[in-house]
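Participant: Given next are the chains, with one letter for each unit.
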Amino acid sequence: MTFSTQLIIALVQAGILVNLMLVAAAYMVLAERKIAAWIQNRVGPNRVGPWGLFQSFADVFKLYLKEDVVPAAADYRFHALAPVISIAVAITVYALIPFSPAVTIDGTTYSLTMAPNMDIGVLAVLAMTSVGVYGVALAGWSSNNKYSLMGGLRSSAQMISYELSMGLAIIAVVLCAGSLNLVDMIKNQNTGAWYVMYQPVGFILFFVTALAETNRAPFDLPEAEPELVGGYHTEYSGMKFGLLYLAEYANMLASSAIMAALYLGGWDAIPFVDDAAVLGQFITDPTTLSIALALLGHVVFLSKAFLLVFVFIWVRWSLPRFRYDQLMNLGWKILLPIALVNVIITGLVIHFTK
Amino acid sequence: MANVTSNTESQRLNFWERIYLPEIAKGLGLTLRQMFRPKFTRQYPEERWIPEGSYRGRPVLVQEEDGERCVACGLCSRVCPALAIEVRAGETERDKERFPEKFEINMLRCIYCGFCEEVCPEEAIVMSKDYELVFGSQEEGILGKDKLLVPVAQLQERLEFLRQWR
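Residue numbers (this note's numbering), protein chains in the order written: chain H, 1 to 354; chain F, 1 to 166.
Please note that the accuracy of each hint is not assured.
To be verified - Selected chain H positions facing chain F (Cβ under 7 Å, derived; list incomplete):
| id | residue |
| --- | --- |
| 1 | Val12 |
| 2 | Trp38 |
| 3 | Ile39 |
| 4 | Arg42 |
| 5 | Ser318 |
| 6 | Thr353 |
No wet-lab data here; the hints were simulated from the structure.
All of these numbers come straight from a predicted model, not from anything done at the bench.
Don't be surprised by glycine CBs; every beta carbon is placed ideally from N, CA and C.
Working from the sequences, and respecting the hints, build out all of it.
Facilitator: What follows is the structure, given as structure tokens:
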């Protein structure tokens, strides 16, 4: 393949990915409202379209029509930059997530991931998610509002505290896999056990820290509405607010997808069974087989990711918010030691069994 | 907050409660069960709520075949704590010699206390079941006789309630 064809393929992939993810984020807002309603014995949005399915479009359309107010004392350029950073970072993560195995058509292999076989995959994902805090902190700072600033500061402090435990939880998985490459890690889980069976503590650690990283309840202190009005997005309106809001949901889906890839076997449908071998008994043509595997991979991967998103939403509507000191105590005094012990035990077990 | 070094509440918890996760799982189970319970929502414009006879909605004047029951004594206007009722009496040649020439209730002032109904010697003004009170302007909120008069047949339930309980 020449460079220009590769570029065109990458651009088309990027266009599809960005649009799909924004629509998915918009629909996650609807899902959140529906699930919140069910938990509270209500019905939820059901007026726009059948079963309320066009509510997301109505919401986004409304945001576009709203006046975009910028506080007089705010720094206009940073105020406009912050939501862009948030959404850009949130979407970039999707480029690294392998949703399905590569497709082989007549001997040529096409990878359906934007950045396939990146050797530092997990590390790049961690790096991108931690850049996301800049968007939040900048949004809080540039608004020139003390509540927004408090929200931004809390977000930075929270992310720094929880990123440590998250990194250590990932290190344990990396020790199991012996690779930082997400595709290799999923391939290791394809034939054997999923890493959640080796790393149950690590999975719970990662889930809790992912809640904190995406500013979701019970760790949604940056936008704690009883204390901080709206937190970092108090001074945002119109589509800028919409971008911050969509970025939050895109982040949620991204961390769910990473959890699915690292712990739940990615595109692997059944643990301990090689999907390719099972399907290979029915489909003999290698091209058809690889396309079928890719389709199956997408369905399985996305259903795992959305199941985790459902758990995120479910947790939000079940648990009360942590107090700030409780949050810090949990992060530094409980999660970090557990994560360290988890890494040490994993390392020792691997050292003495291999 | 700053000087609190120990949380006495957490010291009263047992081990399983203190490691959080089982309790969190219990809480999640509770909310999951709620999801499948029947919903409380009433789909308002399609499903309307019909109140009991005891409901105090918009006050209305009772209309019989030969005209209104009201004799324009002005007691309702006198007792109204919100000063919402205005009555001007007129005279006729019929058996009941007095009738209200003008009877206005300002729905922007009415507080639905039901004193007018309670004080009325003729059972001529009663509280109806009408709770959908929307006005396009302040002037529309002042209801005259044309909107206040309601045939007695529609008010039977309220009149029976009043006879039974007052």
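Participant: Checked against the structure, which of the hints given earlier come out wrong?
Facilitator: Hints 1, 6 not satisfied by this model.
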